[in-house]
Structures are given as structure tokens and as C-alpha cells.
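Q: Just so you know, the sequences run in chain order A and B. Under the working numbering, think of the first position of the first sequence as 1, with each following residue one higher. Under the working numbering, think of the first position of the second sequence as 1, with each following residue one higher.
Treat the hints as calculated values from the structure; they're not laboratory data. It is possible that some hints are incorrect.
Cross-link-like lysine to aspartate or glutamate pairs, in silico, EDC-like; alpha carbons within 20 Å at most [claimed, not checked]:
no., chain 1, residue 1, chain 2, residue 2
1, A, Lys169, B, Asp98
2, A, Lys168, B, Asp115
3, A, Lys167, B, Asp94
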Amino acid sequence: MTSTSDRSSTRAERAVATAYRADWGRLLSLLVTRTRRLDLAEDALAEAFARAAERWATDGVPHNPGGWLYTTAYRLLIGRLRAEAIRGRLPTMLAVGPGWAPPPNGDVEALGDERLDVILLCCHPALSAEARSPLALRLVVGTSTEEIARLFLVSTPTMAARLTRAKKKIVAAGIPLASPVDDELRDRLDEVCRTIYLAFTAGYTPGRGPDLLRADLAGEAVELAVVLHRLVPQAPQVRALLALLLLQHARRDARVSGGALVTLADQDRSRWRHDELRAGDQLVSALPAASGYAEELRLQGLIAVEHARAPTASDTDWSAIARHYARLERLTNSPVVRLNRAVAVAEATGPEAGLALLDGLDDRAPSAHRLPSVRADLARRAGRLDLARASYHEALARCTTEVERAHLEGRLASLGDH
Amino acid sequence: MKYFVLLANFGEMPDWEQLTPEEQEAGMAKHAEFDEACAQRPGVTMLGGEALGDGSMATTLRTRDGDMTVTDGPFAEAAEQIGGYYVIDAPDLDTVVDLCRILPAYDIDIRPVLDEG
Numbered sequence: 001m002t003s004t005s006d007r008s009s010t011r012a013e014r015a016v017a018t019a020y021r022a023d024w025g026r027l028l029s030l031l032v033t034r035t036r037r038l039d040l041a042e043d044a045l046a047e048a049f050a051r052a053a054e055r056w057a058t059d060g061v062p063h064n065p066g067g068w069l070y071t072t073a074y075r076l077l078i079g080r081l082r083a084e085a086i087r088g089r090l091p092t093m094l095a096v097g098p099g100w101a102p103p104p105n106g107d108v109e110a111l112g113d114e115r116l117d118v119i120l121l122c123c124h125p126a127l128s129a130e131a132r133s134p135l136a137l138r139l140v141v142g143t144s145t146e147e148i149a150r151l152f153l154v155s156t157p158t159m160a161a162r163l164t165r166a167k168k169k170i171v172a173a174g175i176p177l178a179s180p181v182d183d184e185l186r187d188r189l190d191e192v193c194r195t196i197y198l199a200f201t202a203g204y205t206p207g208r209g210p211d212l213l214r215a216d217l218a219g220e221a222v223e224l225a226v227v228l229h230r231l232v233p234q235a236p237q238v239r240a241l242l243a244l245l246l247l248q249h250a251r252r253d254a255r256v257s258g259g260a261l262v263t264l265a266d267q268d269r270s271r272w273r274h275d276e277l278r279a280g281d282q283l284v285s286a287l288p289a290a291s292g293y294a295e296e297l298r299l300q301g302l303i304a305v306e307h308a309r310a311p312t313a314s315d316t317d318w319s320a321i322a323r324h325y326a327r328l329e330r331l332t333n334s335p336v337v338r339l340n341r342a343v344a345v346a347e348a349t350g351p352e353a354g355l356a357l358l359d360g361l362d363d364r365a366p367s368a369h370r371l372p373s374v375r376a377d378l379a380r381r382a383g384r385l386d387l388a389r390a391s392y393h394e395a396l397a398r399c400t401t402e403v404e405r406a407h408l409e410g411r412l413a414s415l416g417d418h
Numbered sequence: 001m002k003y004f005v006l007l008a009n010f011g012e013m014p015d016w017e018q019l020t021p022e023e024q025e026a027g028m029a030k031h032a033e034f035d036e037a038c039a040q041r042p043g044v045t046m047l048g049g050e051a052l053g054d055g056s057m058a059t060t061l062r063t064r065d066g067d068m069t070v071t072d073g074p075f076a077e078a079a080e081q082i083g084g085y086y087v088i089d090a091p092d093l094d095t096v097v098d099l100c101r102i103l104p105a106y107d108i109d110i111r112p113v114l115d116e117g
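Let the hints inform the model, and build the full structure from the sequences given.
A: So this is what it looks like as C-alpha cells:
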């Protein structure tokens, strides 16, 4: 049996959760751009949400939840600024700028959307790279410090300290909320996209036990990309980033099975989110060729599209993927891209062609064992068993993860004794 | 707010002594241009700045257990190349960074000057 008060409390909880998802970033951005006080604004808004959880359960959910939250946070913030002024600190902070009082009808939409300024602030080059994406997730999406810590595989106190340090630096060093234009905006948006992509890939970096992958938290980075895309829909790097994230994130349910990682070729494709794949496909396919980081993201998106379109792994158009990788390699001159291109070329043309592309890569190979491991697989398929054996031994000597070592040893054993 | 702009290292610039008189003059001109740009920029005031003698001229004082010792400096290896400093009042960090583009290509450290109290 459910009492009336239980029902209204559940309804209030749902309304608070919905408002948190929908309004946190926008309300915080309004408070921050108007007061320039990151520290106080975040606390005041968190307090407003806590009060909403109590008040809405007893008084009912207000007609305009966003307006209620903004007004409450605004009053708390004013109170704290006055308290500071009385203590003799920052008296000028009481010079309240025009237009930041809550609108009388509670229509916060009318106050505009300042989230882009806050995203750019979080990704300012004067902040440490490791603090940028945590800060953007916290301030713009409202991801909790505990969740951000889990995403980046660090302890909550470590992440809390990192966030505090960054917020202090913003205030102490006078990092401004500025709206750059033209070339500077493009460069800053590139940095924002790199930052979001870093947060996304953190969710797919293997951890331990139940935290093997943290796809739910990678979803927070996708949410950040969605917001950014809404704010600057025409920016090519932002469109390409969102497409790439949608395409990669759509495979989340198929990436883990029985507590182990499942490679792309072995994934159950019926578990891919096909609506999200279509959305990513449409977004990236409509993009014209660009330059710089936008083009890098677009080409990676096109590669992901080829995988998304293949009904089974064997239907994959490896020639198209190899072409995209060739362009990506010309653009980035990256040994990682060259390695991936060699794999695609081996699939499209044959293992010998793939092996040829590995020549000259040894001195600039990125991670320790991936190059000999790929070379070993391609040599095995090309029937060059001596090269395969030597390469498996080399890979084993450099590989430290148990799962991959087991895989390499299995392959080596399958070649038989020499 | 006030910023301390430390010309911390010559970076890609050769040492001052190795420059030709013409190059030294061009370098001085950049400092003059920086000074002028600060004067022109709304909200920016140049509060001071000096060129410093290099590390070979430094003297280091250390006090341990109440005893002060005087030794040949500089205090840290990294400090060897400090060339000078400016103190300027500016609205925000981006303004300072933008103005510093005018200076010769030193490695520069920008620190906020903390408010007293």
C-alpha cells in the first residue's frame, strides 16, 4: 500500500532528477557568468537542488522547476556574497550586474544560454589537461565527483582535489569567461573536442572487475558533446565529434560478455543500438571534407560508419576503411594510424600487403607489444611461420596484461614447434 | 587584478650577450612596444618591471636553524636564466597572455599577485 505522501515524494524525486539532467548546466552557467564566482555558484545551485528535494515533496512540484531552482540558487548566492562583504572580503562583489535577477515569471529560458562560455572556460589551455574534462563534466553535465573519479579510475578524494585545484586556479589566476571569435574560437573548440573525446575514451579504458568498462560514464561525455553540438551546430569538428561518439557508444552493450571484452569482429551486432548508429551515420555522412582536427574526427567517423553498416563482420568494406586510414595517416603522420591501416589493408588486399606497411614502424611504434603482435598475426596468415614465431616471442616479451598474453601464447602454440 | 610576469628563460632566444647590437636593439624595441601596448589597452596598467643581472651575479641567502648563510647563487638551476620581470594590472589572464605575444620569444611564467588580507 502506498500512501499519498509516498507518492508525492516519489513524484518530487523524479522531478528533481529530471530538472537536474535538463537544467543543471544551463542554470549553473547563468549563475557563473553573472557572478563570476564559480565556487559560490556551484555550492548555491547544489543547495537549491537539495532544497527542491525537500520542498517539492511537501509543497508539490512547481509549475516551472527551472525557474524555482534558479530563484532559490540566486537568493542563496546573494546571501553568501553579502556575508562575504560583511566579513570585509570582496566588497565589490555586491555590485550586482543588470539582468541577473530572476525574471518575475520564472522564465529562465529568457535569460539565454551561457553554457558555451563555461565549456570554453573548463577547457582553457591554462588549466591542466587532466582537470579539463572532469571540470566540464561536473559543471556542464552535473556528473558527480564520485562518478568522474570512477570514469578516470582514480579515487574520489584525488578527483575532488583535482577539481578544487582547477576551480581555485580559475579564480586566482583570473581566467576569464570570454567568448573568443574566428580562428581563436576554432582552436579553442578543437581543444574542447579533444577534451570530450578523452573523457569518452576513459569510459572504455579497461578497469577491474565490475568496472571493466564504464559505458554509462562514457555516456556523460556523449551528453556533453550533445550539449556542445546544440550550442554550435555548424562547427565541423563538433559535428564530427558527436557523430563519432554516437557511432562508438552505440556498440556499448556488445563490448562486454561474461566479464570479458569482446572485440569488434566477435560482437553480437543485434545488441548494437541501431537508431544511434543511424543518427551518427547521417551526421558524419553529410559532412564535407575539412582540415585539421575536424578532418581527423570526420575520417574516424567514416571508419566507424563502415563498421556500423556491415550486417556481419565478414561484410565489412575493408577497402573503404583502408582508404580512410590512408587519408588519416597523411593528415596525422601517426604510427598508430599506420598500424590500423596495415590491419585494414591486410583484410582488404591480403596479409603481405599489410606486412609491407609495417616496415619502418619499429622505431616509432607507440605501445610496446601491439606492433609485433599485429606483425605476428599477419605473418601467420601469410604462411611466414618463422617471422610469425619470432614476432609472437617479441610481443610476449613486451606484453604485460594477462588476457593478451594468454591470447598470444595460444596463437604461438597453434604454430607448432619449430 | 595584478600579475607578475616573469621572463623565466630565454627559450629559443640566444643569450642577450650573444646578440649583435642590432638584435639587441630589436629586442629592446619589443619591450618598448609591449610597454606601449599595455598603456593603450583598456583596463591595463604597467606597474613596474626591470631587467635583471643573470645567475652568475646572483647571491643566495639561506637561513637554517636561525643562521643565515650567504653563498654564490643562483638559488635554483632553473633560475639561472631569469631575465627580468614585469608587474602589470590587467582585467584577466587572457589579456596578459595576449600582450605577452609582443615580447621577444622568451619562456614566460605568469603569476597572479595575491591580494593582501
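Q: For every hint, state whether the structure bears it out.
A: So, going through the hints one by one against the coordinates:
1. A:Lys169 - B:Asp98: This hinted pair holds, its Cα atoms lying about 19 Å apart.
2. A:Lys168 - B:Asp115: 14 Å, holds
3. A:Lys167 - B:Asp94: Status holds; Cα separation ~16 Å.
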